[in-house]
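Read off the chains here:
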Amino acid sequence: MVKIHGLIKEYPKGPQALKGVDLTVGDGQIVALIGPSGAGKSTLIRCINRLIDPTEGSIEFNGTEMTSLSTRALRTSRRTIGMIFQEYALVERLSVMENVLSGQLGYVGFWKSARRQFPQDVVENALKLLKRVGLSEYVDTRADALSGGQRQRVGIARALVQQPQLLLVDEPTASLDPKTARQIMRLIVELVRERSLSAIINIHDVQLAKMFTERIVGLRDGVIVYDGAPADLDHAALTAIYGEEDWEADTDSGEPAAAEVGSGE
Amino acid sequence: MPLTEKDGLIQWTRKSRSERIREHLIWVGAAFLFVLAARYISGQTIWIFVLDAPRQAQDFISRMFPPDVRYFNRAIGALWDTINIAVFGTLIAIVFSIPIAILAAKNTTPHPTLRAMALAVIVGSRSVNSLIWALLIVQITGPGLFAGVLAIGIRSVGMISKLLYESIEEINREPIEATLATGASRAQTFVYAYIPQLMPIFVGITVYRWEINIRESTIIGIVGGGGIGFLLNSAINRLAWNQAVVILITILATVIVAEWVSAKVRAKVT
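Residue numbers (the working numbering), protein chains in the order written: chain F, 1 to 265; chain R, 1001 to 1270.
No wet-lab data here; the hints were simulated from the structure. From a predicted model like this one, the values you see are computed outputs, not experimental measurements. Watch out, some of these pointers could steer you wrong.
[What the hints assert, rightly or not] Cβ-Cβ distance ranges computed for the label pairs, FRET-style:
{"#": "1", "chain 1": "F", "residue 1": "Asp-177", "chain 2": "R", "residue 2": "Ile-1132", "range": "55 to 61 Å"}
{"#": "2", "chain 1": "R", "residue 1": "Trp-1260", "chain 2": "F", "residue 2": "Gln-120", "range": "45 to 51 Å"}
{"#": "3", "chain 1": "R", "residue 1": "Val-1095", "chain 2": "F", "residue 2": "Asp-227", "range": "54 to 60 Å"}
{"#": "4", "chain 1": "R", "residue 1": "Asn-1107", "chain 2": "F", "residue 2": "Gln-207", "range": "36 to 42 Å"}
{"#": "5", "chain 1": "F", "residue 1": "Gln-207", "chain 2": "R", "residue 2": "His-1111", "range": "46 to 52 Å"}
{"#": "6", "chain 1": "F", "residue 1": "Pro-178", "chain 2": "R", "residue 2": "Trp-1260", "range": "46 to 52 Å"}
{"#": "7", "chain 1": "R", "residue 1": "Pro-1112", "chain 2": "F", "residue 2": "Ala-231", "range": "49 to 55 Å"}
{"#": "8", "chain 1": "F", "residue 1": "Gly-243", "chain 2": "R", "residue 2": "Pro-1112", "range": "39 to 45 Å"}
Glycine included, every Cβ here is placed at the ideal spot set by N, Cα and C.
The whole structure should be built from the sequences, with the hints applied where relevant.
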C-alpha cells in the first residue's frame, strides 16, 4: 500500500524534520505513529499526500511514485487518500452536509461543485455515512454549532466519502476529552476494518495507540526508533522514543513499580 | 536589570535604573517641545480675532435661522446623487479590490512580482485623500457625478484591498489543507475553504467603507464631484446661511442613518 524509502524533509532555516525514514504499510494495516512533539509525525504523514513536499526520498502509494506527480495526477492520487485532523479542519460556516460532500471535490467539476450539485449516489453515501457516525439529525447544522466530538465525526465522514484506500489521521483525539477520545478512536478503527482500508494514525496517547492498533512505530527527531507490536512496547522502547522517565509508574499493569511512585527518586 | 540586591534583600523593579532615567529625559524633552510649539503658534495667531470669535459665531448662527425649509426639496434631490456616488463608488472598488487582495496576500499570490504591484496599487490609492483624487479627476473628466464616483472608487480600492488581503493572510490554514487533501483543485479550494471564511469579514469591510463613502461623497461635491456638497458650496458662496443649515441637517441625518445601517449589517454577518 505505502512504501516510504529514505525520506528526508528539510525546512528552510531549520533542522531536518525527517532524517531518512523507511516505512512500509501493508494493505489493511493500521499503524500508530507515536513520538514526542516535534519528532516529525505530522511532517511524515503530510509528505504522503504531499501537503508537504519532501526534500529527498521516495513514497510509493499503490505503485504510484508520489514525489514526482504532476498537479493533476497528484489530485487523482489524493482522492484515494482520506485525511483526518487534530482540530477537525472543518469549514466552520458551511453545513455538516457541505463539509462531508467536500470530500468528493476531487471527483466533481468546478461549476457543479460551486453550485453544490453532487451526483445522487454521492449524496446517498454521504447521508449513510452521517448515519453511521451518528449525526443524522445534524445534516443541515452549521459546523461551528457542533461539539468537538461531533466535529471530529464530520471530519471522519468527510474522509470516508472520498472512498479512500488509505487514511492519514493526524492526532484525532488530542483536542478531545478522554471518553470522547476513546469513542472516536474506536469509530475510526472500526470503520477502517469494515472497509479494509490501511491507516496511519499519529497519536500522542500511548495508551490509546496500544488499545486500538496492531503495529506501533516510534519516531524521535525524524528517525524511526521503534517498530513493532504494542505488547513489545516496554520500558526500553518508550525510553528510546521519548527519553528517560519512570515509564512503569503510569501503566495499568500496576506491579511493584506503581508502589514506588510515592517514594520518588 | 530589574533584579538588584540591597541590604541583603533582592528587589525587583519593572525597569532598570538607566531605563527609568532615559524615560524621564524623554518626558522632559517632549514637554520642552510642546512649550516651544505653543509659543510659535501663538506668535502666528492674531489674538484680537480669536477674542472676537464668540461674537462672530453668535452672529453666524443667527443668520442660519430661520432655516429655509423649502430648500429641503433641492437638498433631497442632491442627496440622492450623493448616495449614488457612494454606492457606485463602493461597487467599483469591490470589483477591483477582490483580485487585488488575492494578488497581494502572501498565501494566495501567484508571483512575488504581482504581489509587489498589487501592494503598490494599494499604497497609491490609500496615500491620496479622496478629496484630492476628486480634484485631479475633475481636471480630466470635468465636474459631475462621474468624477465623484471615480474619486470615491479609487480611494476605496486601497482600503478594501488592504483589509481583505490582511484577512486572507490570517485565514485558518487547516480547512484549506483538508480541502486540498481531498484532491480538490485550487479554484475549488477557494470556493469551499477561502470564501466561507472570508465572507463575513468581506461584508463587514465593504459596508464599513460604504458608510465612510457616504460621508466623503458629501464633501467631494465641493470640488466639483457633484451631489449635495456642490449645493452646500454654492449656498456658502451666496452667503445663503439659512439654506446652508438645511443642507447640513440633511447631511447629518444621512450620516446617522448610514452608520446605523452599517452597524446592523456588520452585527448580522459575524
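A quick look at each hint next to the structure:
1. F:Asp-177 <-> R:Ile-1132: 55 to 61 Å: The hinted range 55 to 61 Å holds for Asp-177 of chain F and Ile-1132 of chain R, with Cβ atoms some 59 Å apart.
2. R:Trp-1260 <-> F:Gln-120: 45 to 51 Å: holds, 47 Å
3. R:Val-1095 <-> F:Asp-227: 54 to 60 Å: holds, 57 Å
4. R:Asn-1107 <-> F:Gln-207: 36 to 42 Å: About 38 Å separates the Cβ atoms of Asn-1107 of chain R and Gln-207 of chain F, which means 36 to 42 Å holds.
5. F:Gln-207 <-> R:His-1111: 46 to 52 Å: Hint holds: Cβ distance 49 Å, inside 46 to 52 Å.
6. F:Pro-178 <-> R:Trp-1260: 46 to 52 Å: Given range 46 to 52 Å: holds, Cβ gap about 49 Å.
7. R:Pro-1112 <-> F:Ala-231: 49 to 55 Å: holds, 53 Å
8. F:Gly-243 <-> R:Pro-1112: 39 to 45 Å: holds, 42 Å
Consistency with the previously given hints is maintained throughout, with no hint failing.
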